[in-house]
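Engineer: Chain by chain, the residues:
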Amino acid sequence: MITVWHYLVVAAVLFGIGLVGFLTRRNMITMFLCAEMMLQGVAINFAAFARYHGNLHGQVFVLFIVAVAACEAGIALALFLMLYRRAKTLDVSSWQELREVGVPPTVDTESLPPVPAEPADPQLSPAGRKPAPTAEETVRV
Amino acid sequence: MSDPLGLALTILGLLLAATVLTALLSGNAAVRTFVIALASPKAAAQFALRSELTINPLLVRAAHWPLIVACGASAVLAVQLLLTVAAAGDSVRFVSDPLTWFEAGKLKASFTFVVDPLSSIMLAMITFIATWIAIFSSGYMRDEHHRPDRGYVRYFAVMSLFVFSMCGLVLANNFLLLVGFWEGVGLCSYLLIGYYYDKPSAAAAARKAFLVTRLGDTGFILGIFLLWTLGGWHTDLTALFDHIQKNPPDTAALTTACLLIFCGAVGKSAQFPLYVWLPDAMEGPTPVSALIHAATMVTAGVYLVARCAPLFALVPDAQAVVAWIGGITAILAAFIALAQTDLKRVLAYSTVSQLGYMFLALGTMGAVAPVFAVTAAMFHLFTHAFFKALLFLASGSVMHAMGGVIDMRRFSGLRKVMPVTHLTFLCGAAALAGLPLLSGFWSKDMVLEALQLGAEGSHPHAGSFYLLLLVALVTAGMTAFYTFRAYFLTFWGEVRTPEEAGHHAHESPAVMTVPLLVLAVGAVGVGIVAEPFTHWFSGFLGHTPALQLAGRLAGAADVAHHFNWGLAGVSTLLALGGVGVAYMAYGTGGPERVPAPLEPVYALSRNKLYVDEIYYALVVKPAEWLAFMARVFDLFLDSLARLLAAVPRFVGNWVRPIQNGLVQFYALSMALGLAVFLSFVVFRISR
Amino acid sequence: MTLVAASPNPPAAGQLALAVLLAAVGFFLLLPKPRGRSVAGGTAAVLAAAAVLGAWAHQRFGEPAPDWVGKLLFILFSTGAVGFGTVLVVQRNPARGAIAFAFVILSTCGLFLLLAAPFLMAATIIIYAGAIIVTFLFVLMLSAAGGPSDENDRTREPLLGSLAGFAFVGLILFTLSQTQDSVTPAAAADSADWKRLSPLPAPVLTPEERHTLAEVAGKLDEVGRDSFYGDPAVAGTTRQERMTLLTGIEQALEDVVGKEQGTVRPGSIESRLAGYRSDLQARAVLERAAAVRRLSDVLEKKVEPMVGDRAAGRPAEAQAEVRKLRDEVLLLHGAGDLPARNVGNLGLLLYADHLLAVELAGTLLLVATIGAVAIAHRKGAPR
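Protein chains in written order, with this note's numbering: chain A, 1 to 141; chain B, 1 to 687; chain C, 1 to 383.
Hint data in this document are derived by calculation from the structure and do not stem from the laboratory. Even for Gly, the Cβ is constructed at its ideal location relative to N, Cα and C. Do not rely on the hints blindly, as some may be mistaken.
Pairwise CB distance ranges (calculated) [claimed, not checked]:
#, chain 1, residue 1, chain 2, residue 2, range
1, C, ILE126, A, LEU98, 54 to 60 Å
2, B, VAL647, A, GLU97, 26 to 32 Å
3, A, VAL115, C, LEU355, 55 to 61 Å
4, B, ARG642, A, GLU97, 30 to 36 Å
Construct the complete structure from the given sequences, taking the supplied hints into account.
Structural biologist: This is the structure we're talking about:
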C-alpha cells in the first residue's frame with residue numbers, strides 16, 4: 001500500500017524545490033509561483049495525514065491554506081503592479097533601500113549577453129510610379 | 001442633632017467639604033498646583049505664575065470663606081458634642097460601626113471613629129482655635145493694599161485639609177486610620193511650611209520638617225505592627241487595649257512597642273532629639289505657625305501618648321523614658337530660647353519647651369494615677385493652645401506691621417504704635433510665663449504637682465521624678481525670663497521701626513485684632529474657669545474609658561487634685577523672678593547688653609547649643625561622604641558598563657554589511673540558519 | 001562527522017546526501033545565468049538526483065503500492081509535480097513558468113485524488129486555474145518582451161541557494177527516515193510494544209480486526225433474519241448449527257472488543273489504545289467498542305434461549321437489538337477510515353468544528369480584497 005511516508009517525501013521535495021526557486025529567482029512573479037508551490041507541498045502533507053488518521057481535519061486545513069493562498073495572490077499581485085509602476089521592472093533586487101546606513105548597494109557586475117540582432121526586414125525593390133487615380137475611382141469613393 | 005458620632009462625622013464632612021470647595025473655587029488650578037508642588041516646586045512655581053493670574057479674582061477673594069464657615073460651624077458642633085458627652089455621664093464612649101477598609105490575612109483595617117471625653121475636648125479645642133486663626137489669616141494673607149496673596153486659594157485649601165486631618169486623627173479609633181490622618185497632617189504641614197516655595201529656605205524647612213518627622217513615623221509604624229502582633233492581631237484601639245488587658249504580653253516587648261509609638265510622638269511633637277524641624281518651620285506664614293504650634297500638628301504626639309495610656313501605664317520604663325525626654329527637651333529648648341533674636345523663634349522654642357512639659361506630665365502616668373497625669377498634660381495642652389496661638393498671631397500682627405521683619409533688634413517700643421497687639425501679647429506672655437491666676441499658671445502647676453506626687457510615690461523611677469521636678473522648676477523660671485525678654489525688646493523702649501515697614505507702621509485691621517482679643521480672653525480666663533475651682537476639666541477627662549482602663553492597669557491610687565500652695569508659691573516666685581530679671585535687663589528696650597561673664601553662655605544659647613551643627617557633623621556629613629563614595633563606585637560601574645557596551649557596537653560594525661536590504665539574501669540566511677538548527681536538532685536526537 | 005555515525009543505516013544516509021548534492025549541482029547548472037547555463041549537464045544531474053532519491057525512498061519505505069494502478073498513478077503524479085516544479089524554477093521565461101506551475105497544480109490534484117480528497121482536487125483546480133490565468137495576464141502585461149533582462153536572466157546566489165534549499169529537504173527526509181525506523185505501524189501493529197513505539201494512534205484497527213468485524217457483521221445479518229428463529233425444518237438449519245453460529249459470533253467479538261469491563265485482553269483494542277485516551281479518534285473508537293461490548297449481551301441473554309424454542313422469548317424485540325448490534329459492529333469496522341461522503345462530511349466539519357476559523361478566513365479574504373484594491377489603485381510616483 002502507498003504509505004504516508006511516500007507522500008511526505010514528495011511533499012518535502014516539492015517544498016524544497018519551491019524554496020530553491022524562491023531563494024534564487026529574481027522575477028517577483030516567479031518567486032510568487034514558487035511560494036505557491038511550497039504551499040502545495042504543505043497541502044499534500046495535510047491531505048496525507050488526513051488519510052492516515054482517517055478524519056477530515058487535515059483536508060479542512062488544506063481548504064484554509066487555499067483560502068489564505070488566494071488572499072496572498074490578491075495582495076501580492078496588487079503589490080507587484082504598484083512596484084512595477086514605480087520601478088518599471090519586476091526585479092526584486094531593485095528594492096534594497098532598507099539596508100543599513102553606509103552599506104553600498106548591491107549591483108550586478110556581470111553584463112547580460114548581447115541581444116541577438118533582429119533579422120533585417122527584406123528590402124523590397126523600388127516599385128514603379130504610383131498611378132494617378134482615374135475620375136471613375138474618385139467618384140466611387 | 002445630639003448623636004455624638006453623627007456630630008463628629010458632620011464636623012469631618014464639613015471640613016472636607018471646605019477643602020474641596022476651596023480647591024474648586026479657583027477652578028482646580030490650586031489643586032493642580034499642589035500636585036505639581038509635590039513633584040517639583042520649581043515646576044509648580046511656573047505653573048502657579050501662569051495659572052493664578054487667570055483665576056477669577058472674585059472667587060479668589062472669597063477663598064477664605066469655606067474654611068471660616070466650616071471651622072466656625074465645626075466649633076459650634078464640637079461644643080455641642082462636648083456638652084452631649086459631658087451629659088452622658090461616666091465611662092462614656094461612642095464607637096462607630098466598623099467599615100472595613102481592607103482585609104489581608106490577619107491584618108484588618110477598618111474605618112472606626114471614637115467619641116469620648118478625650119477626643120471631644122481635643123476636637124473642641126482644635127476647631128475653636130482654628131476658627132480664629134482662619135479669620136486672622138484672611139487679613140494676614142494680604143499685602144498692604146489688601147490684595148490677596150498669590151497663593152491665597154492654595155493656602156486656605158491646605159489649611160482646611162490640615163484641620164480636617166487633625167480632627168480625623170483625634171477621632172480615629174483604628175491605628176491604621178490614625179496613621180493615615182497622621183500622615184495627612186504631616187503632608188499639610190509640609191505644604192504650609194513650604195508655602196513660599198520659591199524661597200529656598202522655606203522649601204528646605206518644609207523638607208526638613210517632613211523628613212525629620214518621617215524618622216519618628218518609621219518607629220511609629222513599626223510600633224503599630226509590633227502592637228498588632230502582641231495584641232491579638234487587632235488594629236482597633238479599643239479591641240487592642242481590651243486584648244492586652246486580658247492577656248498582658250511580655251513586658252520587654254510591650255516596652256519596645258511603647259517606645260516605638262513614642263518615637264512617632266517625638267517626631268510629631270518636636271521632642272529631643274527630633275525637635276530641630278519646629279524652629280525652622282517658622283518659614284511658613286505666621287498663622288500656619290500658630291496652627292502648628294497651638295492646635296494641630298505638635299499636639300498630635302501628646303494626644304497619641306494620652307490615647308495609648310493603657311499601654312504606657314503597664315510599663316514603668318517607658319514612662320521614665322517619656323518623662324526624661326520631656327524634661328531634657330523642656331530645659332534644652334528653654335535655654336536656647338533665652339538668647340534668640342527672632343521673635344517667632346523664641347516662641348517656637350518655647351513651644352518645644354512647653355511640649356516637653358506635657359511629656360513630663362505624661363511620664364508620671366504610672367507614678368500617679370494615669371487619669372491625673374493625662375489630665376495634667378491635656379490641661380496644659382489646652383491652655384497652651386490658647387496662649388500660644390495668641391502669641392503667634394500677635395507676633396504675626398507685628399510682622400505684618402513691620403513689613404515682614406521679625407528680628408527683635410530692628411524694632412522696639414511698639415506698644416505706642418500697636419496698642420491692641422501689645423495688650424494681647426502681654427496677656428499671652430504673662431500666661432506663658434505662668435503668672436498667677438492666668439491659665440498657664442494653673443496648668444503648669446498641675447504638671448509640677450504630678451511630678452511631685454510621682455516623686456513621692458513608690459514608682460521604680462521615683463528618684464528621677466525629683467530631678468525632673470527641679471528641671472521643670474528651672475524651666476519655669478527660664479520661661480518667664482525669655483518670654484518677657486521678647487516682650488520688653490519688642491514693645492518697650494523708644495519707638496523704632498525698620499525701613500521695610502515704611503512710614504505708616506500702624507495697628508493691624510480689625511479682622512486681625514478681633515481674634516487676638518478673643519484669644520487673649522481665653523488665655524487669661526480659660527484656666528481658671530476650667531479647672532482650679534470647678535475641677536470640671538479633670539472630672540470630664542476622668543470619664544474617658546481608656547484612661548480609666550489605664551488607671552486600673554497601673555494600679556496607682558486615685559488622687560484628688562488639691563491645690564498645692566507650696567509648689568504654687570515656688571513656681572510663682574520663679575516666674576516673678578524671671579519677669580523681674582527680664583525687666584532689669586531689657587525694661588528700657590533698646591539693644592541687648594550682655595554681662596561679660598555670661599558671654600559664653602549667651603553665645604551657646606544664641607547658637608542653639610550647636611545642635612544643628614552637631615547633627616550636620618554626625619548625620620549629614622557621613623551621609624554626604626557615603627554619597628560621594630557611592631558616586632565613585634557608580635562611576636566605576638558606569639565605565640564597566642560602557643566597556644561592555646562597546647563590545648556589541650564593535651561586533652555590530654563588523655556584521656553591519658549583512659543588512660544589505662536584499663529580501664532574498666535575508667530569506668537565504670533564514671533557510672541556512674534553519675538548516676543548521678535543524679541539523680543540530682536531528683543529529684543530537686538521533687545520536 | 002555525525003552524518004555517518006548518527007545513522008543506523010549509513011549507506012542510506014550517504015545516499016540521501018548524494019541526492020542532495022546532485023540536486024543542488026543540477027539546479028545550479030540549470031538556473032539562468034548571464035554567462036549561460038548548462039541544460040544538458042543540469043538535467044542529467046537532476047535526473048540522477050531523482051533516481052538516487054527514488055531508490056532511497058523505495059529502500060526506506062518500501063514499494064509504493066501493491067496494486068500496479070495505484071503505484072503507477074502515484075509515480076506519475078509525484079514525478080509530474082516534482083518535474084514541473086523543477087521546470088518552473090529553472091525556466092527563464094515567466095510565462096512558461098506559469099504553465100509549468102499549472103501542471104504542478106494538476107499533478108498535486110492527482111495526488112489529492114489518490115488521498116481520497118476529491119473536493120480538494122476540484123477546489124484547487126478551480127481556484128488555481130483562476131489564479132494562474134491572472135498571473136499569466138500579469139506576466140504578459142509587465143514582462144519586457146524578448147531580450148535578456150535582470151529579473152529573468154540573473155539569479156541571486158544560485159549555488160548557495162540550491163544548497164541551502166536541498167540541504168533543508170535532505171534534513172527533513174533524514175528525520176523522516178529516522179522516525180520511520182522507530183515506527184512502522186503496519187509492521188508493528190501485531191507486536192506487543194506497538195503502543196510504546198508508535199507516536200501516533202493511527203491506525204486504530206489492525207487489518208485482522210477489520211476483517212473479523214466484517215465477518216461478524218455478515219453473521220449478525222443472518223441472526224437478525226426471521227428464518228433464524230423459525231422452524232429448523234423450514235429454514236434448513238439445525239439447532240446445532242445455529243448455536244455454533246452464535247458462539248462463533250460471541251467468540252469473535254470477545255476477541256476484538258473484550259468480554260466485559262475490567263478484563264482487558266492484551267492486544268485487544270482496549271489495551272492498544274489505552275495510552276491515547278486524549279486523542280479524539282482513539283476515544284471515539286473506544287466508545288464504539290464499549291457500545292458493541294454492551295450490546296453483545298443480547299446474544300447470550302435473549303437470542304440463545306430462543307434458538308430451540310421460539311416461544312421462549314420475544315423474537316421481534318431480539319431482532320431489533322441484534323440489528324442495532326450489527327450497525328454498531330459495522331460502524332466500528334469503518335472507524336479510522338475516511339468517510340465516503342467527502343464533500344458532505346467536509347462541510348459538516350467546517351461548519352460544526354471550525355466555524356470560527358471559517359469566519360476568520362472569510363474576513364481575511366475580504367480584507368485582502370480591499371487591501372489589493374487599495375494598493376493597486378495607488379499611483380506611486382515612478383522612480
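Engineer: I want to verify a distance hint. Is the separation of the beta carbons of VAL115 of chain A and LEU355 of chain C within 55 to 61 Å?
Structural biologist: holds, 57 Å
Engineer: Using the Cβ atoms, figure out if ILE126 of chain C sits within 54 to 60 Å of LEU98 of chain A.
Structural biologist: The hint (54 to 60 Å, Cβ to Cβ) is violated, given that ILE126 of chain C and LEU98 of chain A are roughly 38 Å apart.
Engineer: Verify the CB-CB distance for ARG642 of chain B and GLU97 of chain A against the hinted window 30 to 36 Å.
Structural biologist: holds, 33 Å
Engineer: I want to verify a distance hint. Is the separation of the beta carbons of VAL647 of chain B and GLU97 of chain A within 26 to 32 Å?
Structural biologist: holds, 30 Å
Checked against the numbered hints given earlier, this structure breaks only hint 1.
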